[in-house]
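Mind docking chain B on chain A? Use the hints.
Residues per chain, in single letters:
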Amino acid sequence: MFVSFFHELKQANIPVSLREYLSLLEALDNDIIDRKVNDFYYLSRAALVKDEKNLDKFDRVFGHVFKGLENLEEGEIAQIPEEWLRSLTEKYMTEEEKKQIEALGGWEKIMEELKKRLEEQKERHEGGSKWIGTGGTSPFGADGYNPEGVRIGQKESRHKKAVKVWDKREFKNLDDSVELGTRNIKVALRRLRKFARDGNPEILDLDDTIKSTANSGYLDIKLIAERRNNVKVLVFFDIGGSMDPHIRLCEELFSAARTEFKNLEYFYFHNCLYEGVWRDNSRRFSEKIDTWDILHKYASDYKVIFVGDAAMSPYEITYAGGSVEHWNEEAGGIWLQRVTDIYENAIWLNPTGERYWEHTPSLQIIKQIFSDRMFPLTIDGLDRAMRELGR
Amino acid sequence: MSLKFTGTENYIATEDLRVAVSAALTLERPLLIKGEPGTGKTVLAEEVSKALNMPLITWHVKSTTKAQQGLYEYDAITRLRDSQLGDERVKDIKNYINKGKLWEAFSHEDRVVLLIDEVDKADIEFPNDLLQELDRMEFFVYETGETIKADKRPLVIITSNNEKELPDAFLRRCFFHYISFPDADTMKEIVNVHFPGIKDRLVKEALNTFYEVRDVPGLKKKPSTSELLDWLKLLLNEDIDPETLREKDNGKLIPPLHGALIKNEQDVHLFERLAFLARRERN
Chain A
1 MFVSFFHELK QANIPVSLRE YLSLLEALDN DIIDRKVNDF YYLSRAALVK DEKNLDKFDR
61 VFGHVFKGLE NLEEGEIAQI PEEWLRSLTE KYMTEEEKKQ IEALGGWEKI MEELKKRLEE
121 QKERHEGGSK WIGTGGTSPF GADGYNPEGV RIGQKESRHK KAVKVWDKRE FKNLDDSVEL
181 GTRNIKVALR RLRKFARDGN PEILDLDDTI KSTANSGYLD IKLIAERRNN VKVLVFFDIG
241 GSMDPHIRLC EELFSAARTE FKNLEYFYFH NCLYEGVWRD NSRRFSEKID TWDILHKYAS
301 DYKVIFVGDA AMSPYEITYA GGSVEHWNEE AGGIWLQRVT DIYENAIWLN PTGERYWEHT
361 PSLQIIKQIF SDRMFPLTID GLDRAMRELG R
Chain B
1 MSLKFTGTEN YIATEDLRVA VSAALTLERP LLIKGEPGTG KTVLAEEVSK ALNMPLITWH
61 VKSTTKAQQG LYEYDAITRL RDSQLGDERV KDIKNYINKG KLWEAFSHED RVVLLIDEVD
121 KADIEFPNDL LQELDRMEFF VYETGETIKA DKRPLVIITS NNEKELPDAF LRRCFFHYIS
181 FPDADTMKEI VNVHFPGIKD RLVKEALNTF YEVRDVPGLK KKPSTSELLD WLKLLLNEDI
241 DPETLREKDN GKLIPPLHGA LIKNEQDVHL FERLAFLARR ERN
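Line by line, the protein sequences are chains A and B. The opening residue of the first sequence carries number 1 in this note's numbering; numbering runs sequentially from there. The opening residue of the second sequence carries number 1 in this note's numbering; numbering runs sequentially from there.
By construction, these hints were calculated from the structure, which means they are not laboratory data. Where is the CB? At the ideal position from N, CA and C, for every residue including glycine. Certain hints may be false.
Examples of chain A residues toward chain B, derived with CB under 10 Å [to be verified]:
#	residue
1	Asn30
2	Asp39
3	Glu52
4	Ser212
Calculated pairs, EDC-like style, for lysine to aspartate or glutamate (alpha carbon to alpha carbon, straight line, at most 20 Å) [said to hold, decoys possible]:
#	chain 1	residue 1	chain 2	residue 2
5	B	Lys66	B	Glu163
6	B	Lys222	A	Glu251
7	A	Lys57	B	Asp168
8	A	Lys211	B	Asp75
9	A	Lys53	B	Glu118
10	A	Lys297	A	Asp341
11	A	Lys53	B	Glu165
Bound-form chain A, shown alone (with noise of 0.2 Å):
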């Protein structure tokens, strides 16, 4: 019956088998719902995501399999009231913007292009120049530096009345390929701990001695293995420069590692790592601590995280003096050689997408050093670097 829809599930990477296909039909069967499509949303939903991040994934597909049916109950579409954008401008703009905006052709003619560019754009944008989005130059959207910009923001979604449900997609945020909240980070992170319950049975399981004594009659030892909880964690954050747009993300990894492992360490180093690291960015020049120390101190069974975009000129990673801002008796490549050399589990995270990667000569090359362990700071990402790191 909803095979397609079904099919389109599973190619948008929802994890969705049989069993749960057949568990939907069997309550359709069943006339728990009245037949309404809003009511078979939250039944297929219910039955068929089984994980928060992949929410707004299914609303994604919902809307697409079934687009064009909402039109047999109301009718209803997307839509912003006009006055209220129209007293939003009259509170923030100027007298000079409201005049640029006559010059495009008024008020009323932005609305309607505005109208016109949500019908035809349904997914979530950033930059460019035409569609809805954040940071970009369009006239709508969020952060932008159009002066006449509309700005389409959190409030919106309290006014979501006339919005389908599954198009509202208020689960956006939960997507694992998007953005990071600490909680989140912590979820992801906690994977290292799954790993700390290794080892040799080698303390004694008292409950266990007592119960299986009784059972059999005589001394029954039991031995389990000790509980390591205590992960040991070394992470080195790039700062300042091009790392500046991502202190949010890094202070959110930060705040939340700090939380989860008891043994962290922490140290900043800028652009590339050289012979000296900092632990307090404020003097970061009278108290350099030597990198030789580092790697003398902390023994290899530490798992190493470096933070940082690793974008820079060449020269900084493959020369000695490439530095930009000292002389650098060896080449940065050589310290990050030496580290990856020392610590068997180490890897890098890098807050820009994925998808740019390919663009940064210097991103491959440190990227190289550390034999493809890289992984872009997002929650898929950081699960993907946490096993490799529990390896």
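This is chain B only, laid out in the frame that chain A set:
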């Protein structure tokens, strides 16, 4: 059978939650509930049991909980001691089998609601160990050789805080509902249910402040529904009027009695800094 859950006078259930509960009820499958802390996951089970007049059996899961404990436990130590004291009871092994929550739920004369609370706290193998038992609603007691089978399959509600991923095989057998954070309208209904007769203006101002606090960028822990309710209780207790809440322009960016809303030292600092900036701007 058309059992339907429609929310209770104490609990506001959104449309999607109602559908999910009804589906789990009718198809007799477990219902897995996830959501931000403080959105009422555990309360849901209590309210479902109240609304449908079904007894509630709660099994709180801890990090040390084993699946077997939910079925039954064989108390070998007591039996060993009894045997040395020559107690008569020792002859029958049944005397030393302690029933677990699942057994209790299966053998109950009415259909019950079984809440398995915070399933993610336990070992990762825990959900897998319960697969068969929850699927067939029966298990075998090795010590006595009997099979415990549920005549009336209980409604199983499982909550998770997402600390661990649950195994796929387990997920496939459940219905799933994610309780998202309530929007302003739902929140108002929730408040009205908990504080009947509360002044509308106070609610409005309090909710405004609450959502403002939630929208402050960089908060380490955002306040949740349960914190809002606590805060309102305090506001009512202290008899604070709506005007005080609105006194933003006096540089009072920190809401009164903020201790109920903001639970993190760094967040309080953040607020103080913002308040300071606001004051400076005005001068």
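Here's how the hints hold up against the structure:
Of the supplied interface hints, the one on Asn30 (chain A) holds, with its beta-carbon coming within about 5 Å of a beta-carbon of chain B, less than 10 Å. The closest approach between the C-beta of Asp39 (chain A) and any C-beta of chain B is roughly 6 Å, which is under the 10 Å cut-off, so the hint is satisfied. About 4 Å separates the beta-carbon of Glu52 (chain A) from the nearest beta-carbon of chain B, less than 10 Å, and the hint is met. Annotation: interface hint on Ser212 (chain A) holds; nearest CB of chain B at approximately 9 Å, less than 10 Å.
For the hint pairing Lys66 (chain B) with Glu163 (chain B), the CA-to-CA distance comes to about 17 Å; that is within 20 Å, so the pair holds. As the CA atoms of Lys222 (chain B) and Glu251 (chain A) are separated by approximately 17 Å, the hinted pair is consistent with the 20 Å bound. The suggested pairing of Lys57 (chain A) with Asp168 (chain B) holds, with an alpha-carbon distance near 18 Å, which does not exceed 20 Å. With a CA separation close to 9 Å, the supplied pair Lys211 (chain A) and Asp75 (chain B) stays within the 20 Å bound.
Annotation: proposed proximity of Lys53 (chain A) to Glu118 (chain B) holds, straight-line Cα distance about 19 Å (limit 20 Å). Note on Lys297 (chain A) and Asp341 (chain A): the hinted pairing holds, with a Cα-Cα distance of about 15 Å set against a maximum of 20 Å. Restraint check: the Cα-Cα separation between Lys53 (chain A) and Glu165 (chain B) comes to about 12 Å, which is no more than 20 Å; the hinted pair holds.
Violated hints for the displayed structure: none, as all numbered hints are satisfied.
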